[in-house]
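Protein chains: 2
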Amino acid sequence: MSDKVVLYYFNGRGKMESIRWLLAVAGVQFEEVYLTTNEQFQKLVNDGALMFHQVPLVEMDGMKLVQTKAILNYIAGKYNLYGNGLKERVMIDIYAEGARDIMEMIMVLPFTPPEKKQSQLDKIQLKVKDRSLPTYEKALSNSQFLVGNQLSCADVHLFEATLMLEELFPAILSTFPKIQAFQNRMKAIPAINKFLQPGSQRKPPPDEVYVKTVMDVLSHLFK
Amino acid sequence: MSDKVVLYYFNGRGKMESIRWLLAVAGVQFEEVYLTTNEQFQKLVNDGALMFHQVPLVEMDGMKLVQTKAILNYIAGKYNLYGNGLKERVMIDIYAEGARDIMEMIMVLPFTPPEKKQSQLDKIQLKVKDRSLPTYEKALSNSQFLVGNQLSCADVHLFEATLMLEELFPAILSTFPKIQAFQNRMKAIPAINKFLQPGSQRKPPPDEVYVKTVMDVLSHLFK
Chain A
1 MSDKVVLYYF NGRGKMESIR WLLAVAGVQF EEVYLTTNEQ FQKLVNDGAL
51 MFHQVPLVEM DGMKLVQTKA ILNYIAGKYN LYGNGLKERV MIDIYAEGAR
101 DIMEMIMVLP FTPPEKKQSQ LDKIQLKVKD RSLPTYEKAL SNSQFLVGNQ
151 LSCADVHLFE ATLMLEELFP AILSTFPKIQ AFQNRMKAIP AINKFLQPGS
201 QRKPPPDEVY VKTVMDVLSH LFK
Chain B
1 MSDKVVLYYF NGRGKMESIR WLLAVAGVQF EEVYLTTNEQ FQKLVNDGAL
51 MFHQVPLVEM DGMKLVQTKA ILNYIAGKYN LYGNGLKERV MIDIYAEGAR
101 DIMEMIMVLP FTPPEKKQSQ LDKIQLKVKD RSLPTYEKAL SNSQFLVGNQ
151 LSCADVHLFE ATLMLEELFP AILSTFPKIQ AFQNRMKAIP AINKFLQPGS
201 QRKPPPDEVY VKTVMDVLSH LFK
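Protein sequence lines correspond, in order, to chains A and B. Here this note's numbering is used: the first residue of the first sequence is 1, the next is one more, and so on. Here this note's numbering is used: the first residue of the second sequence is 1, the next is one more, and so on.
Be careful, since some hints might not be right.
No copy is singled out in the list; a pair is fine if it fits within one copy or between any two copies.
To be verified - Below, in silico cross-link-like pairs of lysine-lysine (PhoX-like), each with a Cα-Cα straight-line distance of 20 Å or less:
| # | residue 1 | residue 2 |
| --- | --- | --- |
| 1 | K116 | K178 |
| 2 | K43 | K127 |
| 3 | K15 | K69 |
| 4 | K64 | K87 |
| 5 | K117 | K178 |
| 6 | K178 | K64 |
| 7 | K87 | K4 |
| 8 | K203 | K43 |
| 9 | K64 | K138 |
| 10 | K43 | K69 |
| 11 | K117 | K4 |
| 12 | K69 | K116 |
| 13 | K187 | K127 |
| 14 | K117 | K127 |
| 15 | K123 | K43 |
| 16 | K194 | K123 |
| 17 | K4 | K129 |
| 18 | K69 | K212 |
No lab work stands behind these hints: they were computed from the structure. None of the values given here were measured: they were computed from a predicted structure.
I would like the entire structure built from these sequences, with the hints used as guidance.
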């Protein structure tokens, strides 16, 4: 099997975007195969590539990896984004999971019925301002990084989550100066700066085409 | 801080039960504080113990740990239930996440409106028979354990998930002989055998009292 890293997903953020972020920060080059039809998806299932009939799928190091968190943990472990020792690791996991909770709430928004969207947005904003952001502000009060003295996957996830939040609520960080400073430090990291430039493999916010494609590819689930 | 391991949760399965399982298999003694009122929950929040205003909370090794998967990863890492090396670990994560997917679908059932319960049950059964169980049957076809040659958290999660499935669908494993044999091997492990006996800290399936208690304790979310 080749040494290439290949990502199989929709041409959009979804569950794959955090994987793209970690790979970019780790400086790992990757190729992407975009799924656009249910036939493509079923072929992957029939080939035995999708253990639980779900994407993301990442081909890497001779393995066909599925389950988002398993893939994220593997990349973090391999590329030194997972701290030192068990006690740092569990704190990284805690902060990483908190950031993923935010991103998962945002991720399902485009699939929320229009009449429920505003109440869902309000719920996210309230939850994040009341619980998540104060926790991260405190964690960053005396520290460059969320855990220990080096960059971890938790920092990358938090950074990604704050950018997603600002797309929805432009002023949401205005009362969180430590998180703003953290954002600026993160933007200055060369691999991150590069990934933020136009033309990178970073994906734009989901639009109607993305939603339609996901529903087409997974049409067996949306019957 | 004391060396005791203390679990803060409802007196029921929910997200804590897999943590109880891993601790039991690791031979770690633990105490439990059962939350029964919203005031108790708010006190934990006000004391700063619940970083994201969520339980489970586990006091362990001088830390106040939150986020279920972070806690599970920590216990697995500390007690040798996480394989050897990154490649075994990612496979353990994949199988563990697949089992957690099953358990999470079952976990929300008691909170599903009665008129939707049967369709949800049908959906779980179909999904599990069609996708998850064949994958585990194959993984166990030539092997004692899901990954490598030793017990991992993935085995413990799968075992727990199959017991939960059998409570809902007694005959569901009838066409999966390898998983049945796996269950029997797991039941013979002394720590597991002990946890399965009456009087252990294992919790029964959720009943109306459990559902009511959860909704009382989290009444600020169910408004």
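Here is what the structure says about each hint:
1. Taking the shortest alpha-carbon separations for K116 and K178, neither the intra-copy value of 33 Å nor the inter-copy value of 45 Å comes in at or below 20 Å.
2. For the homomeric pair K43 and K127, the shortest alpha-carbon distance between copies (18 Å) is at most 20 Å, but the shortest distance inside one copy (40 Å) is not.
3. Within a single copy, K15 and K69 get their C-alpha atoms as close as 9 Å, and across copies as close as 17 Å, so both meet the 20 Å cut-off.
4. Taking CA atoms no more than 20 Å apart as the test, K64 paired with K87 passes between copies only; the shortest distance there is 11 Å, against 30 Å inside one copy.
5. Taking the shortest alpha-carbon separations for K117 and K178, neither the intra-copy value of 30 Å nor the inter-copy value of 45 Å comes in at or below 20 Å.
6. For the identical chains of this complex, K178 and K64 are neighbours neither inside a copy (39 Å) nor across copies (23 Å), given an alpha-carbon limit of 20 Å.
7. Only between protomers do K87 and K4 lie at most 20 Å apart by alpha-carbon distance; the minimum there is 17 Å, versus 33 Å within a single protomer.
8. When the C-alpha separation of K203 and K43 is checked against a cutoff of 20 Å, the pair qualifies neither within a copy, at 25 Å, nor between copies, at 42 Å.
9. In the homo-oligomer, the alpha carbons of K64 and K138 lie at most 20 Å apart only across protomers (16 Å), although the nearest pairing inside one protomer, at 39 Å, exceeds that limit.
10. Within a single copy, K43 and K69 get their C-alpha atoms no closer than 24 Å, and across copies no closer than 32 Å, so neither meets the 20 Å cut-off.
11. Taking identical chains as interchangeable, the C-alpha atoms of K117 and K4 are never at most 20 Å apart, the minima being 39 Å within one chain and 45 Å between chains.
12. Proximity of K69 to K116 under the C-alpha cut-off of 20 Å is found in neither arrangement, the shortest distances being 28 Å within a copy and 29 Å between copies.
13. For the homomeric pair K187 and K127, neither the shortest alpha-carbon distance inside one copy (26 Å) nor that between copies (42 Å) is at most 20 Å.
14. Proximity of K117 to K127 under the C-alpha cut-off of 20 Å is restricted to the intra-copy arrangement: shortest distance 15 Å within a copy versus 28 Å between copies.
15. Taking the shortest Cα distances, K123 and K43 never come within 20 Å of each other, neither inside one copy (39 Å) nor across copies (23 Å).
16. Proximity of K194 to K123 under the C-alpha cut-off of 20 Å is found in neither arrangement, the shortest distances being 33 Å within a copy and 44 Å between copies.
17. For a Cα distance limit of 20 Å, the shortest separation of K4 from K129 qualifies neither inside one copy, at 41 Å, nor across copies, at 34 Å.
18. When the C-alpha separation of K69 and K212 is checked against a cutoff of 20 Å, the pair qualifies neither within a copy, at 25 Å, nor between copies, at 32 Å.
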